[in-house]
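A.B. asks: Take a look at the letters that make up each chain.
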Amino acid sequence: MSETSTMFGSPRPEFEHKVTAPVGLGDVAKPLSFAEKLGANPAFRRGVILVVLALTWELYARWLASPLTFPTFLETLQALLDGIASGIIPQRLAVTLETLVAGYAIGLTIAALFTTAAVTTRIGTDLLSTFTAMFNPLPAIALLPLALLWFGLGRPSLIFVIVHSVLWAVALNMHSGFLSVSETLRMAGRTFGLRGMSFVFKILVPAAFPAILAGLKIGWAFAWRTLIAAELVFGVSSGQGGLGWFIFENRNTLDTASVFAGLLTVMAVGLVVEGLIFRFLEAHTIRRWGMQSA
Amino acid sequence: MNHAQSADKAAAARLDAALMRVDGVTLQYKTPNHLVTATYRVSLDIQKTDRLVLLGPSGCGKSTLLKAIAGFLTPVEGTITLKGKPVIGPGPDRMMVFQEFDQLLPWKTVNANVMFPMLVNGVPREEARARASDAITMVNLAKFADAYPHMLSGGMKQRVAIARAMAMKPDVLLMDEPYAALDALTRRKMQDELLQLWQDVRFTLVFVTHSIEEAVVVGSRIVVLSPHPGQVRAELNSGFAQNDRGGPAFQQLTTRISHMLFDDEATSQATEPAR
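Sequence lines, in order, name chains B and A.
All letters in the first sequence, in the order written, are residues 1 to 294 by the working numbering.
All letters in the second sequence, in the order written, are residues 295 to 569 by the working numbering.
Keep in mind the hints are simulated off the structure, nothing from the lab.
Some hints could be false.
Quick partial rundown of chain B residues pointing at chain A, CB under 8 Å, derived from the structure [said to hold, decoys possible]:
| hint | residue |
| --- | --- |
| 1 | F70 |
| 2 | T184 |
| 3 | L185 |
| 4 | R190 |
Where a beta carbon is used, it is the ideal one built from N, C-alpha and C, also for glycine.
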């Protein structure tokens, strides 16, 4: 043994391997069984939860046997189907959605104008941050008495409170989205020769889209809740009431199953908008662009 | 400065050949507490088909100087001209490739990203499509033309950014440490590709780096800047074939530049307490 090998140990042998296919593992990829696939499907798992809930409801209500305070699931379903068949629920829903869309659209437009002013001028920034700080914590319903005074009983008052509930939440989200657009992306946009409005719409808006979409979702949720609550308070005044009024009316006639049917409709609309419309928007924009993981 | 004055005639002759001229440019920017002078009276000429490298340690203002050339900063003293016209703002005649990978528009495919600046600047759609397809093929990404940026590796994103800038056919292509965030193996490959691209197209390049080796590999002319504030320490000719890399002449130039940078630093540190 030489001196170096006693100092550092004997040199370790070198080798190169040939990579071979693994033997005895069976198939490298094999299809999952039907039960495994079913268990991996979130829609199926959530469906199971819903079925269990409905079953519990039915059993509890039967045991309680008091249709005035707590109708069974089947009675509620019947009331819902009757309401749809007689055209009352669709008609009330249409009234509500019409008001909602009008308020939502006006709210978004004002929010867009506000935010554009805020990203282009300093006074705009100050205005926006002061206004959102002041009005965002103010519940829209609290403005209802004032709205009644200004716009009278009817749709304009409802639209006013919806605009209030949408505007500040959306503007706040849009603005913070614009602020978080990276400096590199801004500089890249400017080297392309983009200025002013075209810079805002071609660079800032798409780059801030995750935040804008989050704002739209929050705005939608606020608007929907505010509207139903406002209709509950004075929905009849407009001549033809909405869903909130439908719930209120049926409570007065002690038709509790229809009250539940109205509540179910409110939930169903919320789910459809969240789960279908916004999900579709997300899948075709920010998730496709890799701005949000699936 | 003295040298420049004594070579007035030579400078005047070069003036005609210069595509871009940086003349006595002093740049300052504000931090919350300080007014920082980034460069002090920097002058240099960029000629057509130059591969001009701005090289220096951090704090020599090389990136700030590049931003001024791009038009993001206005010099407090001196002028920057492109084809005799002063630079007043960023524009598509000076396309820039940044160090950060997020310079691509994440909502557009590779192809749409490359086409975007052309469409914004009024190139007809058909022509833009053809130029984009050529540029993407040149950077070997034809297979990924319909991919979104988040599906690409860092090196591929930088290639797209280069393709996007080249397709615009700018007068000058500006690159701000474009390979600094890449791993060493990818970086080397990208340098070779850039040189190959230059062989094919002969564009004019201004390239910022803090790596002496990268400067010597990429540049045909190297401007060595000294730090605090940035001043031109030397302008050197480079230009090595790819297989010369690591050869004696290459080593000699590298050593010469590192002496300039490190010996100066030692001197300035030694004299600093006296000031």
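A.B. asks: Compare the structure with each hint and give your call.
C.D. replies: Okay, the hints, checked on the actual structure:
| no. | hint | result |
| --- | --- | --- |
| 1 | F70 | violated (50 Å) |
| 2 | T184 | holds (4 Å) |
| 3 | L185 | holds (6 Å) |
| 4 | R190 | holds (4 Å) |
In this structure, the one hint that does not hold is number 1.
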